[in-house]
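Read top to bottom, the protein sequences are chains A, C, B and W.
Following the numbering used here, the residues of the first sequence are numbered contiguously, the last one being 160.
Following the numbering used here, the residues of the second sequence are numbered contiguously, the last one being 1016.
Following the numbering used here, the residues of the third sequence are numbered contiguously, the last one being 955.
Following the numbering used here, the residues of the fourth sequence are numbered contiguously, the last one being 437.
Read the hints as simulated data drawn from the structure, not as lab findings.
Computed from a predicted structure; not experimentally measured.
Where a beta carbon is used, it is the ideal one built from N, C-alpha and C, also for glycine.
Don't take each hint at face value.
What the hints assert, rightly or not - Among the chain C residues that face chain W by a calculated CB cut under 8 Å, a handful are: (1) E460; (2) W533; (3) G543; (4) G547; (5) G675.
As the list claims (entries may be wrong) - Quick look at which bits of chain B chain A covers, simulated, 3 or more residues with Cβ under 8 Å: (6) 759–768; (7) 780–790; (8) 801–814; (9) 855–863; (10) 870–882.
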Amino acid sequence: MDWWALNYGGNMSLLKDLFFYQGNKWWKIPETTELSENPKNEHPFGGFLEKAKNILLILSSGKGHAGPVYYWIIAAILGIITLIEVWWFTVPELRYMLAPAMLIFSIIKFALVVAFFMHLRFDHKMFSTIFITCMVVGILFFSVFLLLSAFHGLGT
Amino acid sequence: MSTISKPKQFQLPRIFPRPKSHKGLWYWLATVDHKKIGTMYGLVAFFWFLVGGIEALLIRLQLGQAESSILSPEVYNQMFTMHGTTMVFLVVMPLSAAFFNWIVPLQIGARDVAFPRLNALSLWVFIFGSILMNISWFVGGAPNGGWFGYPPNSSLGFNPGHGITYWVMGLNILGVASIAAGLNFIVTIINMRAPGMHMMRMPVFTWMTLITSVLIVLALPILAVAGIQLTADRIYGTNFFNSEAGGDPIFWQHIFWLFGHPEVYILILPAMGIVSEVLPTFSRKPLFGYTAIVFAGLVIGFLGWFVWSHHMFTVGLGPAANTAFTVTTMLIAIPTGVKIFNWISTLWGGSIKLNTSMLFSIGFIAMFTIGGLSGVTHAASPSDTQQQDTYYVVAHFHYVLFGGSIFAIFSGIYYWWPKFTGWLLDEKLGKISFILMFIGFNLQFGPMHWVGLNGMPRRIYTYAEDMGWEGSNLAATIGGFIIAVSVLVFLANVILSKRNKQNSGGDPWDARTLEWSISSPPPHYNFVEIPKVNNIDDWWYRKYPELLEGNNQNFKKQKIEVEDSSNVDESKIHLPDLSYYPLIIGIGLTIAGLGVMYTYALVAIGLIMVFWGSIGWSTEPVNEDSKEHH
Amino acid sequence: MSTNVTIQHGEEINNSTGVSAKKLLMWTFLGSDVMFFGTFIATFMAYRNKSLVGPYPEDTLNIPITSVSTFVLLMSSLGIVLALHYLKEARMGLAKFWLLMVIIMGIGFIGFQIYEFSHFANMGMTPQVNLFGSTFFTLTSLHGAHVSLGILWLIFLLINEYRGNLNSENAIDLEIAGLYWHFVDIVWIVIFALLYLITANDGVPPGGIPWIGGH
Amino acid sequence: MTKKKLKQIFFPLINSFLFIFFISCGFGFDSPLSTFDAQGPVAQLQKDLFLFVFWLAVIVFFLVEGAILYASYKYRQKDEKLPAQIHGNTKLELMWTVLPSIIIVIIAVPTVMGIWKTQVMPDEENSLIVDSIGHQWWFEFRYPQEELITANELHIPVNKDVIVNIESQDVIHSFWIPKIAGKIDMVPNHQNKLWIKADNPGIYYGQCAEFCGIAHALMKFRVIVHTKEDFEKWKNDMRTPPVALNPGSEEDEGRKLFIGNCSMCHTHDSYKKAAYHKEIQNQNIRWEEWKKDKEYSAIVSAPNLTHFGDRLTIGAGLKENNLETLSSWIENPDNIKIGTRMKNHAAIYNSEDQFLTSNEIDQIAKYLLSLKPDKVNVITYTNNN
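Chain A with its partners taken away, still in its complex shape (with noise of 0.2 Å):
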């Protein structure tokens, strides 16, 4: 457990790390300029989920940087993996595992631009909380959408 208080400390709050505290970090609306304390106030939710806030912020925090170089790299990567895409494809032994195959692949891909090409990796937080915010609704949205297109009338 020492690398979780070395990194993230022991002493945050969820509430005052999403929105009172300045810098850079995920899952973070930017601060305006000046800051000043805040009066205090009842925060009926503080404190208790700062766990969950802990681990939110190690499974997405990463460093790192890009050039020319990189990015010649990544669409090489880009290139391969469409590559590998249509060879699965032409190939009929491995067509049954087609479907979950090419999810991966272009879950992969889609990683890949918006990370490196989209500067998500490098850019404000903020950028990140928006479009994944998005992602994630619209992918819990329309997978229950196509549950209940599926199995219309499930239990009758």
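With the hints as your guide, set chains C, B and W onto chain A.
Just chains C, B and W now, kept in the frame of chain A:
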């Protein structure tokens, strides 16, 4: 797009000169000032409120007695379709948008929204979209498929003619306006807050605007897709909802309510925001449980995405799906309850000033509670199969959307009117209009609970005498006319109060948030100096600094005057200049929409206008005189 | 009170957070577009194998050709990221070259799509013929409309680059156009996987009538 | 604020509440479509569940509204002093998050049990199966086990599980018999199932509850719940040919007119053997014809008129079935129900040379009323509405 001005910046040759004067029609057409745009939103939406109200009165007249024949069944179907569509898309949403426009930049201490021209675009697209939808009355019949437009009844095979096409086209265009406005307010609220205004120092109205905008931005595209699919079905003969080609009518219901349920929260969250501003101001104490109210709003905004099938308990999704949606629907009652209890606690122990605005807000809590409780009876899906599509549902959502949204909007009108105009509305007439509206509203929609449980289905243009529904319907009709009288009293109030202007000053209510720290009506640049925010209700604590030191006993109001804008060197404040390109794009979009129904020539003209507008927009400098800064 | 007068220029970086408002707008718009394409893709998936008459995916889709066009679009994403990089470094020659390449690749992609559509139409597959046609054509043509809009936008920026209006100082304008372009690309990544690779082998669904029109 | 002003504001509020309460109570729940007069286990469960939630809601209602009224009266402004500035209270917040959650759980348990109880179909072997098909704007009923077919009047035995398979041919309708069970939609391309069971013999009202076009308000039906013996009799009747007609009588003239003008859409001889399958086939053909040419097709799907003389109502439950209403219907269906396909497609309304004289209309009506099973086998319909 390229907006940074350079001396050799390419500019589209201008057909019209860029307006300069801050007066006259040309100014109103080209304005990018959020306050002017808010005013126009308000006026246009209020016009549609009157239109939708007249439609409602005609419906009530028809149903006032058994087997009446004031409206033909065809016209009746058009009436209730347009009443629903008008009230949702042309009244409550734009009236909320009017408040967003007027209030949000003032509350967060900004000079304008983040994208003033985009804001003007939203306004014009909304205005022309609403006109487009209502053109249908004059060209062969208004839409008649209900505001939910279920196919196959709304598909070409069962509903020939242009009515439904106008409806979907109008919704698509209005969707563009809403999404543009939603994007604008998200960016504005995140990015334009005054220094020191943390997210958790924002006024609740601004918070609810943010949540509403997020819902708009995520939900309206779904409606756009449904609209595109239905348009394609009707015009190009595709098969999305064509049951003969294997298309699934249930599918439309899913997409529509995928959009439709977040839409319900789009309609009610701004109202909750307004009430959360009015209650603490007139109770003269802080909002009870600010954080809880904000979080309850967030939770409602999120849960609202996963309850849509409670509109579909009777389509046969099966007990598994019904159980899941019953549970998620009931969960929504919890954050809603938290809000109601917090509002009551805000009243509790306060020093309540019962003026018109406050009465409407208290009326909101009282009526919204009834709507919420009847909502729980709907969530119980076995008994909902008895209530679905009866007047019980009509009663329920009018208690939420009229007793909720409209009451709160009137509360907001009376509350912010002095900020809009600089003069006060008459309290006596205001209270009369409240009492009339309260009685009329309950008289109209209260008996609908009973008549619905007594088996009266929705959307019927007539009913037989032996059904036992006449008494309740007559009461409802009388109630409807009482509401109409109260709206007339409100209009009279506006006219009479304007005649003997009672100057309000900048801060007539001894209010709490930043918009009251400047003069009324605010100058076009809003704040002489961008304020520095130290507290939640910053303006309040500037007036009562002792409160911050924990002094709860002997309060003294510090003498702080609202900002004086008479001696301001305006040359130092740079605001975007007027632009008529948003108007051109708005007109172009509407023409293109009309063309989709009639001829491609119009589509081409519309698209050329849109293209011209966008190029002009992106090449014109934001302000003409800002060139030397770059 | 400090003399903190924020001079505001409307739609420029004018804010108290230091985040570009335009970029924020674009990301929020992309989030909104996720729902737009999400609904269309969900429609397609929900109607998969529900067509009653042919042609079915296995009768029509041509994976090799689409693979090439997919590759072209992917590489255009590389192009725009390089164009932006060189623009930021003020290496205008390379910046212009790559932006031009992106536009050419984009037009190439649209060309492939036009070819594909006309090929399908010749085979007898139209949006009117069955559910597969309806869902396929609306989704791909709306994606194509997004690409076309992006091409117009990039041409506009390229003109500005030649006129010297777009330079390293306002590279943000290219960056947000790039975000849009990348998004269109990732949507195609999903479309290529779902509409083409996964469904391309779908034949006659239960209850469907086999298609007799030949290739 | 003075007391006088308070009176001005609060008394109207309270009065309006009371007013609404009293007038609403006066209206009662005596409609034939009332959901409060449950006559079957499904409706009973739904009613009980509603009342359970309702009374809980009433308690919450009085607490909340009472608190609002009390607070607004008690804490009205008395002086210019500021009240105590309270920002919140964590314990209270927790309380009113947890308490509603508990209430929700209390409501959710019987609700979920109710969902599974009402929506899971009973054993098919021991149930009567009825197929109900919604049309614009009438209901078709088929009994696949018995091979019977009828329209707008659903006959079922008392105290027996009935599974209704619910479909639609054109747009979405909804099948609803408030006194027996909650509604379920009739959706093209989907087969929904509804379980109903009636406790007492009698006549119950049904109604389409999903907006389905111009005559939505007029799309009704009747459910006739028989005792077991009566139901057997009814089944026998449905297989018995009608009373023979005297050649040359008015009824016989009507028969000829009917065969010439009406019988391409209206089947009236489903008492024959194997008529069931033929009628289904015919309805499908009619439906296909109409789909092909929705404006001018010569035939459209139409209600089966076998033993029409025994029907209680005409026009899908709109009017009592007698010579006067029937003649008025045949003369112009718009008199009774607007927008019917009969009016839009039948040659007798659209081409001048085929218009009927009032005499002919009377003859057809008399013929239709004479369509009664031969054996006099009187079933007593007890109308308890």
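A quick look at each hint next to the structure:
A hinted interface residue such as C:E460 counts as satisfied when its beta carbon comes closer than 8 Å to some beta carbon of chain W; here the least separation is about 6 Å, so the hint holds. Restraint check, C:W533 versus chain W: the minimum CB separation of about 10 Å is more than 8 Å; hint violated. The interface hint given for C:G543 is met, as the beta carbon of that residue sits about 6 Å from the closest beta carbon of chain W, less than 8 Å. Hint on C:G547 is violated. Least Cβ distance to chain W is approximately 13 Å, over the 8 Å limit.
Look at C:G675: its Cβ gets to within about 4 Å of chain W, closer than 8 Å, so that hint holds up. Only residues whose beta carbon comes within less than 8 Å of a beta carbon in chain A count, and the region 759–768 of chain B has 5; three or more means the coverage holds. Here the region 780–790 of chain B counts 4 residues with a CB under 8 Å from a CB of chain A, which clears the bar of 3, and the coverage holds. Only residues whose C-beta sits within less than 8 Å of a C-beta in chain A count toward coverage, and the region 801–814 of chain B has 6 of them, enough to reach three; the restraint holds.
Under the rule that three or more residues need a Cβ within less than 8 Å of chain A, the assignment of the region 855–863 of chain B is violated, with 0 such residues. Counting residues of the region 870–882 of chain B whose beta carbon lies closer than 8 Å to any beta carbon of chain A gives 0, which falls below the threshold of three, so the coverage claim is violated.
The structure does not agree with the numbered hints 2, 4, 9 and 10 stated previously, though it agrees with the rest.
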